[in-house]
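There are 2 protein chains.
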Amino acid sequence: MALRTGDHGQAATNGLKEKVLTLDTMNPCVRKVEYAVRGPIVLRALELEQELRQGVKKPFTEVIRANIGDAQAMGQTPITFLRQVLALCVHPDLLNSPDFPDDAKRRAERILQACGGHSLGAYSISSGTQLIREDVARYIERRDGGIPADPNNIFLSTGASDAIVTLLKLLVAGEGRTRTGVLIPIPQYPLYSAALAELSAVQVDYYLDEERAWALDVAELRRALLQARDHCRPRALCIINPGNPTGQVQTRECIEAVIRFAFEEGLFLLADEVYQDNVYAEGSQFHSFKKVLTEMGPPYAARQELASFHSVSKGYMGECGFRGGYVELVNMDAAVQQQMQKLRSVRLCPPTPGQVLLDVAVSPPAPSDPSFAQFQAEKRAVLAELAAKAKLTEQVFNETPGIRCNPVQGAMYSFPRVQLPPRAVQRAQELGLAPDMFFCLRLLEETGICVVPGSGFGQREGTYHFRMTILPPMEKLRPLLETLSQFHAKFTREYS
Amino acid sequence: MALRTGDHGQAATNGLKEKVLTLDTMNPCVRKVEYAVRGPIVLRALELEQELRQGVKKPFTEVIRANIGDAQAMGQTPITFLRQVLALCVHPDLLNSPDFPDDAKRRAERILQACGGHSLGAYSISSGTQLIREDVARYIERRDGGIPADPNNIFLSTGASDAIVTLLKLLVAGEGRTRTGVLIPIPQYPLYSAALAELSAVQVDYYLDEERAWALDVAELRRALLQARDHCRPRALCIINPGNPTGQVQTRECIEAVIRFAFEEGLFLLADEVYQDNVYAEGSQFHSFKKVLTEMGPPYAARQELASFHSVSKGYMGECGFRGGYVELVNMDAAVQQQMQKLRSVRLCPPTPGQVLLDVAVSPPAPSDPSFAQFQAEKRAVLAELAAKAKLTEQVFNETPGIRCNPVQGAMYSFPRVQLPPRAVQRAQELGLAPDMFFCLRLLEETGICVVPGSGFGQREGTYHFRMTILPPMEKLRPLLETLSQFHAKFTREYS
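Taken in order, these protein sequences are the chains called A and E.
full-length UniProt numbering puts the first sequence at residues 1 to 496.
full-length UniProt numbering puts the second sequence at residues 1 to 496.
Take these hints with a grain of salt, some might be off.
Unchecked claim - Taking lysine to any residue and the SDA-like style, the derived pairs with C-alpha atoms no more than 20 Å apart in a straight line are:
| id | chain 1 | residue 1 | chain 2 | residue 2 |
| --- | --- | --- | --- | --- |
| 1 | A | 105 | E | 92 |
| 2 | E | 19 | A | 300 |
| 3 | E | 342 | A | 33 |
| 4 | E | 169 | A | 33 |
| 5 | E | 342 | A | 28 |
| 6 | A | 19 | E | 300 |
| 7 | E | 105 | A | 97 |
| 8 | E | 19 | A | 303 |
| 9 | A | 19 | E | 232 |
| 10 | A | 169 | E | 28 |
| 11 | A | 169 | E | 373 |
| 12 | A | 169 | E | 22 |
Hints listed in this document are in silico derivations from the structure and should not be mistaken for laboratory results.
Chain A with its partners taken away, still in its complex shape:
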């Protein structure tokens, strides 16, 4: 090879060849991405688990991963009917087995009929199996009291995250002061900040009101929007309802005010409604943005753009690993929707098993079906236990001096505020850590409890929180909460 050009070639001949891909040369947007839910604290938790397996002595016998909303990892049993239908679809020889109820078989046959070559191993169309999108549309209609839903506006996805990122991707444009800004709640689920960093869009923070149970206040939305317009072009508003990590459930009045605001300010609404089945508090009720928007009538109903996301990972299903979800688009420009279809087609299709589970979740057994009673009993048991755990969590935290926890009205997390003594804050700063990260790391090292510091979700300056799932089984949750309370007391004494 006689002729070489470029620095790399030259370096090679000198034996000094550097890597092509280094921290300095890689995508700078990717470097900015952070995702606390699986961040450094979770990596440390994994190490601790390995050390325990290797017999290293610790002040605890088990790491409890309360960092992530992963119900089945915490021992929640899958809903039998979901798994029966999926097993039949995966291995249709079982359609002849006497061990499966007839309605599960009928359901599996119906889904397989809709698959290419009658097999889950075929790609579906990119927006998801037509039949399943029709079932999703009917689910939405039932949920929303008969307001029509069009299967052509429904795109199945690889979990809700996949669909959320697709929508954000479509929305990002411009440079410098015309760059797309996206309003997100603080505290937020860090998928939003991560995706915006990766897409080099501008994150516009609006703060939820901790003093009013994490309520969303339109005056604060307006403050955030007006400030943001100085340096970017805000074009979308993200709402998480029920809230993650905050657990609040929005009132209908609040949703109406948000819709009016979005309409008047020209913002595309992204409604993350993956916890729509997870509402526990008395007096709280889930209202979908689609329903409220439609019932508000003109000019909102026919014009306000909205994307609503749902998933099989949460609810009573907890089928995180299967990565099933969908987005419903409302009032999206038809040409843009075609562009979205094209973009999705590059990734071929969402995983078919997740599509199957979604189908069963959106069209559960009817009262006349043999599986009805068991399905309902299992679903109710999961939701009742979650409600009890939500209540217990709030109660124990609020009995602890220095910890204050808003009601966990919905979703799967508590996000209590913790007082940290000034000397602990100072010590954290010396270590180059956020104060709540310091607290959570110490908690993990001393008790094996893995929770995520509030700084990973965002919080008002000078306040400290952590996110803890309410998912551990009752017999573990109670001692866990007590251990946590005692640790906070000890930590406070140590640094006072």
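Given chain A's structure and the hints, the job is docking chain E onto it.
For chain E alone, kept in the frame of chain A given last:
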């Protein structure tokens, strides 16, 4: 709401509110994305299918979708053992069933032990279940004659596409003349052009040599690289071997030359090896880039950066819908690999059913296992039939005047060159269509055969091709090939 700012707010008060998201305001990079494999011709095929169902008379009774490598949609039967293990994992009650062989049960139990809460419904760690990555590493070691593979360098993915896009995303940086350029073969699989458009990276075309059975020529790589350096910074080289859509299988000598070239020119190698099990031609053999690189010794072995991709969608498995795959990283900078881990964690985890199928595919039954004989027989039958279909396709096309087809040495496609009469080319231009798109659309309308025009993959100016899968069952493939030949003759007469 008294005070409003911004154009949108103003427009709203005038009753002229426009959509936030339109073709003009959406992400311009997404607009540039094209993906022919599921492009306009496939949308038309879907319409035709619907018309047939509605009883509309057509000159054919069935649309044959030979546009996409989707084996099971074409009737290929899933490998029994893969589905047995997955069904057991999905619905562990079946572990007590007498209808499943012991080795399938042992396998399922082993996988479930490695899952959070012993359930597929839990998230796995973001890089994929540790046990499965270990099994993948052992597979690679066997494949490569004992060269070590490290599970920590293996990331499971949602099909190979997901991992390919992740690697490209890491590589993209710079602006204007320093923007990352990526060399891709022409013809290419359009995931590459689509991802590069979306990421706003520079696509650098190198042409495969149709006259030499689509061989890759290093002189052409060098030409492409030198030209590209005028306007971008080429940093990666993509190879598809066995080739898609071209079906060639690279020789060891060719791979060595490519590795030397990449090393000397400072290019990160991306080896798309998803068809590694699909090699049919006598004298052809799959050589992995990893193996060749390692056996070349210093300075290449310890330094050349490489990512190799594989999938459960192709091979003898054909499990496209489950979206399982992996990438093995070789010589990647450790800090960048951590960044990749972080980036992957935002999407939580690859779907667990795809991980299970991958696990079985990389660790098939051993000779002493009860399922060994059946597994081997099924695998051999699939691959033997694909080999026969590859041969038949090549043969029939080459007997057709005006069509010339290189040997289908591997993969799942033929990419024949078609002569189109000048008047057909002219007619296409009048219609604003690429000439081969015009040909393929007419073919679809008149015969129901759906193939993808060569312009969707790239081809030398003035040449015309189409990509057709070799997947239709033998009893359909032969008449399909004959219909296609006859149509070409008729089309040629019509426009002569």
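Hint check:
1. Restraint check: the Cα-Cα separation between residue 105 of chain A and residue 92 of chain E comes to about 17 Å, which is no more than 20 Å; the hinted pair holds.
2. For the suggested pair residue 19 of chain E and residue 300 of chain A, the alpha carbons sit about 12 Å apart, so the restraint of at most 20 Å is met.
3. Restraint check for residue 342 of chain E and residue 33 of chain A: satisfied, since their Cα atoms lie roughly 8 Å apart, inside the 20 Å limit.
4. For the given pair, residue 169 of chain E sits about 13 Å from residue 33 of chain A by alpha-carbon distance, which is consistent with the 20 Å threshold.
5. Note on residue 342 of chain E and residue 28 of chain A: the hinted pairing holds, with a Cα-Cα distance of about 14 Å set against a maximum of 20 Å.
6. A hinted pair counts as satisfied when its Cα atoms are at most 20 Å apart, and residue 19 of chain A with residue 300 of chain E qualifies at roughly 12 Å.
7. Note on residue 105 of chain E and residue 97 of chain A: the hinted pairing holds, with a Cα-Cα distance of about 17 Å set against a maximum of 20 Å.
8. Between residue 19 of chain E and residue 303 of chain A, the direct Cα distance comes to roughly 8 Å. Compliance with the 20 Å bound is thereby established for this hinted pair.
9. Taking the CA atoms of residue 19 of chain A and residue 232 of chain E, the gap is near 19 Å; set against the 20 Å cutoff, the hint holds.
10. With a CA separation close to 10 Å, the supplied pair residue 169 of chain A and residue 28 of chain E stays within the 20 Å bound.
11. Of the supplied pair hints, the one linking residue 169 of chain A and residue 373 of chain E is violated, its CA atoms being roughly 49 Å apart against a limit of 20 Å.
12. Distance hint between residue 169 of chain A and residue 22 of chain E is fulfilled; the C-alpha atoms sit about 13 Å from each other, no more than 20 Å.
When the structure is compared with the earlier hints, a violation turns up for hint 11 alone.
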